[in-house]
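*Asks:* The primary structure of each chain is shown beneath.
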Amino acid sequence: MSECKTIDARDTFCPGPLMELITYMKQASVGDTLELLSTDQGTASDVPEWVNKVGHEMVSSEKIGEVWHLKVRKTK
Amino acid sequence: MRILVVGGGCGGTILANNLARRLAGEIRDRKVRITMLSASDQHMYQPGLLYVAFGQMMPDELYRDQASLLEPSIDFHVDPVEEFQLEQNRVKTKAGKIHEYDVMVIATGSRIVPEEVPGLREGSETFYSEASAVKMFKSLREFEGGNVGIVVGVPHKCPIAPVEVTFSLHDYFKSRGIRDKVRIKYHYPIGRIHTIENVAKWAKPEFDRIGIEYETLFNVREVDVENKIVKSEEGTEFAYDLLISIPPHRGMEVIEKDKLGDGGWIPTDRHRLTMEGHDNVYVLGDTTNLPVSKTGSAAHFEAEVVAENIASIIKIGAPVREYDGKVYCFIEAGHDRATYAMFNYQNPPDLKAPNKSMHWFKMSYNKMYWTSVRGLL
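Taken in sequence, the protein lines are chains A and B. Residues in the first sequence are numbered from 1 upward in steps of one, following this note's numbering. Residues in the second sequence are numbered from 77 upward in steps of one, following this note's numbering.
Honestly, the hints are just simulated from the structure, not real lab data. Possibly wrong hints are sitting among the right ones.
Computed spacing ranges between beta-carbons, pair by pair [to be verified]:
no.	chain 1	residue 1	chain 2	residue 2	range
1	A	A44	B	D155	25 to 33 Å
2	B	G311	A	G31	29 to 37 Å
3	A	T39	B	E191	18 to 26 Å
4	B	E289	A	V30	47 to 55 Å
5	A	M58	B	E289	24 to 32 Å
6	B	K335	A	A44	29 to 37 Å
7	B	Q164	A	Q41	41 to 49 Å
8	B	N223	A	G65	12 to 20 Å
9	B	N274	A	T6	36 to 44 Å
10	B	G101	A	M58	53 to 61 Å
11	A	M58	B	F437	41 to 49 Å
Note that the structure is a prediction, hence the values are computed from the model and not measured. Cβ atoms here follow ideal geometry from the backbone N, Cα and C, with glycine treated the same way.
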């Protein structure tokens, strides 16, 4: 059964939101969706760039207040 | 009040010593007892491993007897926890003993898991253990030229290590007079050459200046040991003659076995440093799931907060401090220059140009660590 897990990477400079996402993607199962929360403005472009290059699926990306919410599905 | 500290690394030792001094009167009056359980009777200064890998420190410089670092009032046992029984406020050790507690601090650290990447253990050199650091030095010493690749697993302890080892490789081969025969290529998991933006902004022109190549968005998928090719999740590859790896890490096995946290990382309140759902259990250092660098520095600052709060709860019934995400990292920019990064949850690091003074400060700190871990610095 697929899971949806939230990763709270707000207010972090090291290891940073994308590194956090990669960590949790490694632990996730194929089909799981991860929601990344980030206050880093670069996240909105950094995450889709990596997701597209590695071949996972970008489900959604929206900014609510000062926080980016990015959902990514693990495909392989 | 029974306080149990699980783990005798940097964070656990600083915490226990700090607490023992704050609660000296209560311990003397037998109102408080501090017990530490550790897997080893030795304490290793882990940042020294990078220097061992380049022949700049000897392994025996990295160790002290753990008991010699602790306040005499701390009840120390070399007997690691094999089972956490949180609902009963107790743990069971390898020797089969039961330790009950009123407050527990978990500081069990992390471990390398190169086996998660096929071929990485066999095909690469690393410096995250004494044996591997010595082996890496011997490989460097025998290397006469060719392609050197640096690859980085996720997550990893000491986020500065990838750039430090790369600058050190440049200086090492330069000192041997063979730098012109060595191609150094650095590979990094995200889209810039370091996760801290200001470190990336500083390191990129430095890499350009000294001829270090780099590829970003490179997450190591496997190492073809026979053909000496390292391949990425993103579909690229690099043919190497010598491969240096920062292995991926996980928390300790007992954390995963007892389902305290996925990957061995325990869900932790980012300000109070308590384990989620367990207000009498604190978590320190690498063991947390916090979005904070896995470094001795973070463990150190967290330990000071937790020690002050446990002591204040005992003395006045309330905690007095919150952890603000503080981290301070030295950054060796080769063998004779260094800088540092200091940051917290709200403020990014403002990197200064590397200089010789900071390098010598780091070299001094390599000795001062033993004062620091006693909780005196």
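*Asks:* Determine which of the earlier numbered hints do not hold for this structure and return their numbers in increasing order.
*Replies:* Checked against the structure, the hints that fail are numbers 1, 2, 3, 4, 8 and 9, while the rest are satisfied.
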